[in-house]
Amino acid sequence: MGTNMAEGEPSRKLYWVIAGALMALLAMTVGAYYLPLGSFGAVVALSIAATKAILVALFFMHLKYEHPVTRLFSIGGLAWLTILMGLTLGDYLTRAYAG
Amino acid sequence: MSQARNLNPNWKRNVSDALLAEQFDDLKQQHTAAGLGMWAFLGTEVLFFGGLLTAYTIYRVRYSGAFGEGSEHLYMWIGAANTAILLTSSLTMALAVSAANHKDRKAAIHYLIITVVLGAAFLGLKGVEYFLDYTDSVVPHINFRTDWEHSAQRVELFYVLYFILTALHAMHMLAGIGVLLTLTILSHRTKNFATKANAIEMAGLYWHFVDIVWIFLFPLLYLVDGHKHG
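In order, the protein sequences belong to chains A and B. Residues in the first sequence are numbered from 1 upward in steps of one, following this note's numbering. Residues in the second sequence are numbered from 1001 upward in steps of one, following this note's numbering.
Looking at chain B on its own, in the form it has when it is part of the complex:
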């Protein structure tokens, strides 16, 4: 190691600050490779949620009455507010990526922080909702009422899927917030901000994916059998 250092006194700086990693021909190829890898990962994420969504679909079709009754006791307006928060966070995330690609460090950090705050707001609101669900006695295994129109076990199945799907999504939100906070700190510290643009864009892809998952969870969980309210 010391020998390498002697041969090239800038070896360490070159590794961390180089715009182009040595395995790539040019920056465009590096950018495309990163995007391709990220989309391959997101494909596995689709299947991660896909198993649960398949289970949901089977039971929603089979026990549609019980699922409709269960859904009616969720806080639809909290779900809608959280959808609006996540959609807005996707806008600020896209603006952060745009700023990073234009080498505007200040704006990128600014938008990354807004995105993190919106993500935290989503989780906070979700926490409030979980608490309200608990006081409503609709938490399977912990506090679950049995006086339902439909079979309590079938309604409970809806709530099991509701809690697993939303908790899995919330964990993805936490991971996304962790990644964005890390990138905010790295962007603040780095001497060459241009080296962070790719990472910010890839984190953005993950963030938008988690947003898309919620875009589907909202109608699947909160908007079942809406006609009963008509």
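Excised from the complex, chain A in its bound form:
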């Protein structure tokens, strides 16, 4: 059997498709930069970035095919980051003074 985990990973063709999608998303985010989106622009840019990150994690990093415990661990870092950002911003953004 060897270390061949080939059954549990995407085909090489799928890697190229994902890479194509990532390039298309990069083109989209640069294109959106020139649109008059105002403060909505940040939402668009970060949504595209999140989509790219998910594609990389699911396919290039094999998360889609991994053991459930590994998938749980992969969300762990994001869970702590949410706590870090959530509590900190909950303080800073609700203070009476600005600037």
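Check the hints yourself; a few may be wrong.
[Stated by the list, open to error] Derived SDA-like pairs: lysine to any residue, alpha-carbon spacing no greater than 25 Å straight-line: (1) B/K1028 / B/K1191; (2) B/K1106 / B/N1192; (3) B/K1126 / A/M23; (4) B/K1126 / B/D1225; (5) A/K13 / B/M1202; (6) A/K64 / B/L1047; (7) B/K1126 / B/V1179; (8) B/K1126 / A/A24; (9) B/K1028 / A/L72; (10) B/K1103 / A/V17; (11) A/K64 / B/D1025; (12) B/K1028 / A/H67; (13) B/K1103 / A/W16; (14) B/K1028 / A/L63; (15) B/K1126 / B/A1055; (16) A/K13 / B/L1118; (17) A/K13 / B/A1107; (18) A/K13 / B/A1084; (19) B/K1126 / B/N1143; (20) A/K64 / A/T82; (21) A/K64 / B/T1088; (22) B/K1126 / A/L25; (23) B/K1103 / B/G1178; (24) A/K13 / B/K1103; (25) A/K64 / B/Q1029; (26) A/K64 / B/G1037; (27) B/K1106 / B/A1199; (28) B/K1103 / A/L63; (29) B/K1126 / B/I1113; (30) A/K64 / B/D1026; (31) B/K1126 / B/A1167; (32) B/K1028 / B/H1102; (33) B/K1103 / B/L1027; (34) A/K13 / B/A1194; (35) A/K64 / B/L1027; (36) B/K1191 / B/Q1030; (37) B/K1028 / B/N1192; (38) B/K1126 / B/E1072.
Calculated directly from the structure, the hints in this document are not laboratory data. Here the structure is a predicted model, which means the values were calculated and not measured.
With chain A held as given, fit chain B onto it using these hints.
Okay, now just chain B, sitting in the frame of chain A:
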């Protein structure tokens, strides 16, 4: 030691060339354990960057005008080109892992080298950009102009975060290139290439993570207030 050698003349070979380390039941368990450990490490890396990203978010919200003005003076097209380079390097890294899992040593080494070259290209382009930033006088503490529309101190804060975040990312790139070069040499030298597949896959996870960090740094640093160009 000499006694162990006498008892088992192949002891050393067994340790370095064994496909399965003795603490694991089977190869699948060994593979899953390695992946689990790597993802736990990547979780700590998320928080390593997370503190800086939280600081960035607070000041971006509070000093949005100054951050927009600072961002406009970055070289967006260099950042976009570097994003394309890193995304391509993630593809070649995934192909290297795939080749290693199929025990194709030649293809794995081939793709590892392409990945290293793309990583080096990213760092080279980043270096050029840092030089241009210096000539533009936007390097805090070293060469920083004061004639901004918004408060110079607030714009400077944007550039402090820009340089710390991108330098921290560049250090991760350097570490990744070092790991990949080491694995290239080990793959070339080993008698049993199948023993390197797991290590190449774990190095791949790190490489893709560093790519993901840049995927977020690009819009956060380069694409602030794009509507002004519309």
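- Agreement of B/K1126 and B/V1179 with the hint, judged by alpha carbon distance not exceeding 25 Å: holds, 20 Å
- Is the hinted pair A/K64 and B/D1025 satisfied, with a Cα-Cα distance of at most 25 Å? With Cα atoms ~24 Å apart, A/K64 and B/D1025 stay inside 25 Å; holds.
- Task: Compare the distance between the alpha carbons of B/K1103 and B/G1178 with 25 Å, and conclude whether the hinted pair is satisfied.
- Result: Since the Cα atoms of B/K1103 and B/G1178 sit roughly 22 Å apart, the hinted pair holds (cutoff 25 Å).
- Query: Straight-line Cα separation of A/K13 and B/A1194 no greater than 25 Å?
  - Reply: holds, 23 Å
- Query: Is the hinted pair A/K64 and B/D1026 satisfied, with a Cα-Cα distance of at most 25 Å?
  - Reply: At roughly 22 Å apart (the allowed maximum being 25 Å), B/D1026 and A/K64 satisfy the hint.
- Quickly compare the C-alpha distance for A/K13 and B/M1202 to 25 Å and report which way the hint goes. Holds. A/K13 to B/M1202 sits at ~21 Å (cutoff 25 Å).
- Query: Between B/K1126 and B/D1225, does the CA-CA distance stay at or below 25 Å?
  - Reply: At roughly 22 Å apart (the allowed maximum being 25 Å), B/D1225 and B/K1126 satisfy the hint.
- Message: Would the hint linking B/K1126 and B/E1072 be met if the CA-CA limit is 25 Å?
- Response: Between B/K1126 and B/E1072 the Cα gap is close to 17 Å, so the pair holds against 25 Å.
- Task: Assess, step by step, whether the Cα of A/K13 is no farther than 25 Å from the Cα of B/K1103, and give holds or violated.
- Result: It holds: about 18 Å lies between the C-alpha atoms, which stays within 25 Å.
- Satisfaction of hint between B/N1192 and B/K1028, Cα-Cα up to 25 Å: With a Cα-Cα distance of about 18 Å, the restraint between B/K1028 and B/N1192 holds, given a limit of 25 Å.
- Satisfaction of hint between B/I1113 and B/K1126, Cα-Cα up to 25 Å: holds, 20 Å
- Query: Is the straight-line distance between the alpha-carbon of A/K13 and that of B/A1084 25 Å or less?
  - Reply: holds, 19 Å
Figure legend: structure checked against the earlier numbered hints; every hint is met.
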